Amino acid sequence: MKNWCFTGGLVGYILLSSLLVYYFPRSVLAFLAFEASLLLIYYAPVSRAVKLSLATAALVVVLPLIGTINGYYLEIAIQVGIFVALALGLNIVVGFAGLLNLGYVAFYAIGAYLWAIFGSAQANEFIAGGYFPLSQAWFFVFLLLSIAAGALTGALLGLPVLRLRGDYLAIVTLGFAEVVRALVNNLDKPINLTNGPRGITPIERPPLFFRPLLEGLGVAVDPAALYPLYFYFIVLLLLLAIILVTRRLEDSPVGRAWKAIRGDEIAAVAMGIPVVRMKLLAFAVGASFASAVGVLFAAKQVFINPESFTFMESIGVLAMVILGGMGSIPGAILGATAVTILNLQLLKGLSLWLNALRQSGVVFTLPLLGSFDLTQIPAQFEPAKYERMIFGLILILMMIFRPRGILPPQKRGSTKLTTGGSTKLTLPRKIEEPANGAA
Amino acid sequence: MALLEVQGLTKRFGGLVALQSVDLAIDDGMIAALIGPNGAGKTTFFNALTGHYRPDQGEIRFKNRSLSGVTPDRITQAGICRTFQNIRLFGEMSVLENVLVGMHARIGVGLVDILGRSRRFYARENQAAERAVALLALVGLEGKDEEWASSLAYGDQRRLEVARALASKPELLLLDEPTAGMNPSEAEGMMALIEKLIGTHVRSVLLIEHNMRVVMGISHRVSVLDYGEKIAEGTPDEVRRNARVIEAYLGLAKQANHA
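For the protein sequence lines, the chains are A and B, in the order given. All the letters of the first sequence, read from the start, carry residue numbers 9 to 447 under this note's numbering. All the letters of the second sequence, read from the start, carry residue numbers 25 to 283 under this note's numbering.
If you are wondering where the hints come from, they were derived from the structure by calculation, not from laboratory data. Because the structure is a prediction, the values reported are computed rather than measured. Backbone N, C-alpha and C define an ideal beta-carbon position, used for all residues, glycine too.
If you want the footprint, here are the derived chain A segments under chain B, 3+ residues with CB under 8 angstroms:
1. 253 to 265
2. 270 to 278
3. 281 to 288
Below, a list of computed lysine-lysine pairs in the DSS-like style, where the Cα atoms sit at most 30 angstroms apart:
4. A/Lys419 <-> A/Lys59
5. B/Lys168 <-> A/Lys419
6. A/Lys59 <-> A/Lys10
7. B/Lys220 <-> B/Lys193
8. A/Lys419 <-> B/Lys193
9. B/Lys168 <-> B/Lys220
Please build the complete structure, drawing on both the sequences and the hints.
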């Protein structure tokens, strides 16, 4: 009964917020209200099946519909998805295994350049024959290739630095990322591999293989309108795969080994855990996620240059993981979503609003202090400049009041092990939370 | 035949000789104790046995195989597992998970099983969980499997260390001061547990202990270290009467007890 009440409430909320977006397509607040519905679904005391179906409906049906009203929201959703994927990958390295990686963006760059070089005319510069750009169908091949390339480079970086701990490892990974950035920035001579700071464009996008089908159904196909939707669904699928892999690794001997290494490396090795192999695995898995997302990013942007892969990007993703709660999958998702929306929507919205206020010539009158004419504010105090400051303040406050993040990892008693619904684990003791375990 | 044979083990830290040509043999079914004043090199001996330190000289043979150059994780997999004097549990994991970590090398599922969630994965994981619950019951921690390891009482943390070490199915169990910080009745329980383990869960036990009631009560053979050298060895009674031991160790221990 209670279940139905909450389900009804959630459905109502989703519909209401979608209507808000429909009637106020340019309102940031309306879209935020819709985004909040996903958070509500996560927290609502309803069964897992209900949660999953509501979240699926919101992400697969409602959000694309909203995207057809205001394409910008779809762009935001894609960017959120990309950062969530990156945060999930970094969460494996930093959150699970406790290896502070400050150069995570390097693997993202490797994936992006992998497709950018071969998915554009760039590769003709060093491979004769004019085979490039490769046809669009190769995009999916490169998506798989990038996973291998990421894993390989991750393991290669991991090998020499695994004996290092904490701060030392952080510095080495930071250096690695700078090396990668410097390489792509300068490998335009003697052989033009990356086209240097000018970047690479145009990069092929994934094929519209379903085009004949749509045309057969009598739908007019407009690639310009279709591609954002297409990318949105690719991101969604990629995310689904990443979440699945991460969850399965977490609930396994591998995940426990990672957490043990994070907790106490000496004790972990004394318990028979092959620490080097487990650390390499964490590096490789994290790197392969970033690399795959990089391929997607290159195809979506059509243009990439080294500017997209700076140290600040690594720090940004790290901030997402820490903010959400290190070592927690829901935390990484929420952290990445919150930070991306904060950056793309809230702080931008605030800047625009303050700018509008300033230009409208509003005069503030404060008692005792006199009156301020907002048009007189010097350029140094432009609202757009507050963005990073506010973001920094949020980080500081979070670390003071909730140092373990918004959604810190849950305690695991391993009681929730079920064999995919067929036979349940029968342990000689109580099994907690049967409501949540009903998969 | 000895389960473990150590010959001429020497370990130096710069100019300090922590272990000076130590010989030790542990037979099947034996509870052996290693005693000595603080700084005598007992824990260094454990660290060398488990591969955490590389000895400068000497030979360690376990089940007639040399352990020189073998990494600590491999040594654990070969059948030697230890507990730590300054408890080293995984505080941010549950009690049950701590024991499961000890089983890491014994679970026997590969990445394919893990990612594919094969039938074998569930079978092995469930087996592991059941064994972990049984081990927790054995050491007297039943019903606490869902608690954070760091929230356990001190004595319980020591017991959890033992359960975690047992999880790796060791043949030789090394206990570094298993009753430190325990009250007499808890220490009594730990003694009973150690005796129960022989032949059922492990083949032999080597323990470092300061509590003489424990040492004299359960060990079959006692070896005494002082300044990195083995100064005596024998049955508890023999060691108790040994003049060098009294001078080096028991005298000090009595003073320490008064302090």
